[in-house]
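**Student:** Below are the chains, spelled out letter by letter.
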Amino acid sequence: MANVTADLAAEGFAATPRPHVRPARPRAGRGWTRAAAAISMLALLPVVALLWQALAGSSGLWPHLRAHVLPQALHDTAILLVGVGVLVTAIGTSAAWLVTAYDFPGRRVFSWALLLPLAMPSYIIAYAYLDLLHPIGSLQTGLRGVLGYDSPRDFRLPDIRSMAGCILLLSLVLYPYVYIPVRALFLSQAANLIDASRTLGTSRAAVFRRVALPLARPAIAVGASLALMEALNDVGAAEFLGVRTLTVSIYSTWVTRSDLAGAAQIALAMLVMVLALILAERWARRNVRYAGSAMRSIPLGPRRLTGLAGWTALGLVALPVALGFAAPAGYLVHAALSRLGAGPDLGALWRAGASTVALAAAATAATVGLGLVVAAAARLRPGRGAETALRLSTIGYAMPGTVVALGLLMPVAAFDGLFDRGIASLTGTRPGMILLGSGAALVLAYVVRFLSISAGTIEAGFTRLPRSYDGAARSLGRSPTGLMGQIHLPLLRAPLVAGALLVFVDCVKELPATLMLRPLGVETLATQLYAEASRGTYENGALAALAILAVGLLPAILLARTGER
Amino acid sequence: MPPSAVRRRALIAINAMRPLLTPAAPAPCALDIRDLVRRFRRTLALDHLSLCVARSEIVCLMGQSGCGKSSLLRVIAGVDAPDAGQIAVDGRIVAGPDVFVEPDQRGVGFMFQDYALFPHLTVAQNVAFGLTTLPRDQRQQRVSEMLDRIGITALAGRHPHSLSGGEQQRVALARALAPRPSVLLMDEPFSNLDRGLRDRLRTDTIAQLRALGTAAIIVTHDPEEALSTGDRLAVMRAGRIVQDGPARSVYCRPASPFVAELLGSSTRVQGICQGGVVQTPLGPVPRPRGSHLCEGGVNCPENADVLVLIRPEAVSVDPEGRIEAQVQSIAFQGPADQLRLSVAGLGHPLAIYGAPGRFAVGDRLRLRVDPSQVICFPQGARE
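From first to last, the protein sequence lines stand for chains A and F. Counting from 1, one number per residue, gives the positions in the first sequence under the numbering used here. Counting from 1001, one number per residue, gives the positions in the second sequence under the numbering used here.
Listed below are several chain A residues computed to face chain F (Cβ distance under 7 Å; list not exhaustive): (1) A472; (2) G477; (3) L491.
Derived coverage of chain F by chain A (criterion: at least 3 residues anywhere in the stretch with Cβ under 8 Å from a Cβ of chain A; other residues may be distant): (4) 1077-1087; (5) 1112-1118; (6) 1129-1135.
Simulated from the structure, these hints should not be mistaken for lab results. Ideal Cβ positions, reconstructed from N, Cα and C, are used throughout, including at glycine.
Put together the whole structure using the sequences plus the hints.
**Tutor:** The following block contains the structure:
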């Protein structure tokens, strides 16, 4: 009997043998990862379709493109990106620092007025300045009158139709991408650290260089990369100012040569550049994780600047607003007024406005919802899968609207054809092009293009929520979805609103994809403006341009109010 | 029937009955951890760690930062998953080869170092957060009971950002205890508090754990806290528990020089075994207790090198003492002065305590060493 007991102990009741098999893994939250993976596949769809197109296409034009178009385009694009990158960082960061660390006349107004150029699409500012700065336009003529010259041959401003002009104009409308995140960071994070460094004997000016700037590095990286992707995306301004960037080359290869395969091939060359940009952004954000402390954050006490210093600061922050918004907007108002006298077709404008808002609102809702899923998956189930999905889903923003549209056109048309034939064979009625005809294809393009804005903003919001919240909520009985709904969502309201506003503005402003994918007969404000501008009837386009500005201003104002809280 | 067949049948029968047998013999451990392994890319955060926390037992887990304390808590709570090993809570396996119970189903409470109070919820809502399974009226009742118990009823409607550090700590405790977890994990729960407040809150917290009969693991890196808190002290190093027992015995009989020096300051002295005693520059240390080497003096092979650790309290100033020393420096520490003395034959100063204000730099003293408080290790012992 004793023998039996001993054996029982040995075989049955003894401590379980060392388990060398890997224990079961947590299952909760896998749905989020799968959804994120599906979303990233959606974002990859245009790239895959483009690859397919580029590989399948056997146009004889490729040697020509490679010899004559590509080197020039790569060269111009590189210069443009470096110039815009430096300028938006300089303007955005210094403006954010000025309005956060100093108090001067007009500070409160300009802390939100600096957002205004966000409402100004690059193609509008380019059109406006072309007319404004025309050598025989009223501005230069007036300037010559003041200076005592007679003709443009004696005196004229440097031609805006140049690389320098393009860099300047793009930077003037793109710097808010840097200004917004950097200012938000200065407001929420900087105070304690800056106070600490002040007590270490660092002067306020040196604090900027030694504390604020390094602290702002990840925010600058995010903002600058967004701005650069916008610069890459731009078609209107570069084309108009005579800069032959990759995007312009793609566009003209496709439109003037009708060479889809060639356009796809240039687009792939550009994606390599984009990849480098994304890697540079990741590198600039390396090793940075903000976990908001449980302690209260004390707002930075701005230092009062009086006299000349105050007016200088005011001038510095007023300059980008004046050049990037006030001057072109003033021109548009002037042009619109002179056009209004001639009795415009307001009905068309209303219809275009309504379809613009409807498309942008639908796209914003979808984009923020999907962006939330992607960012949440990376938070709820950290790991390679979710991380990869997050990175892949942001690829769309790096692709110009033309490229996204190009990439989506083929699969969407194929789906529409299948759907049409399938329904027709079942019911006998033909539904027609269900995705292209309803505008769903365009909304899809917006989602692909702008998913990185919502996902990025929400991801940044997540990094400010301590991970201990997650652990606490889970150990207090919440599933990942419960944690999401009861803790994350309420605390992410600000980034969600910010992301939605940024996406909405961009949808309203988006031109190339809208041109290609809008349902037949539907005009948006941007396409209406483009049509007028390509006819050379600037005044007619001014009303639509003003309407875009107005729609874009609304979110900019709300954004400013969210920032003020 | 051959004996082996009998045995097999008995086994089968008993195995079949096991589910019935288990409740009759209550699991001795509220928390039973066996051979737990957690790997991060290069490091082994948990290295086949085993630990049993009995019902209502409070274990203090001490270790330097990066030794795996927090990883252990995260794996126990289920916020992280182990790479190998098994965890049972109240006899129920919550992590093992075929099992992973999600953290929300484990019944393990977790109190974070930063308290992790949800900023958008009031104190009462925070405390009610874990009471999902209770009906509404009982939930209210439990919340007010918890608030009352911890003494924070007045804070019920406030938001966390308006609370002081001590108040936040109390709210976090109330929230973690409200669902009545059988085990509460506390990650440096007092480290964010001022000293006086810390002592009071620690006493209060322990009292609450005792009153509710909650088993707990309290993680700390503060030796004083580790020694004074809880029923048992587990010292952790590089993913393993290197010593485990009542605080007093861990302090007096440390398993390694590492544990000894982690828990309190001491002066290292070289010794050598001669004639059953350890000869040191401070004189012979006869039959010192406190280590496997010196215990009973039998395990001291002739001429073996010995590492002797002398705690400050093991040395007293005694005019009859045999050791001569001179005061090099004095640091006032409140209840006592810490003296650093130079001793002939000792390359570095010897630290001892002295009555405050009684000695001056340069004083010549005679010392006596209490051999019962001296700790010895064989030279080259695993640090």
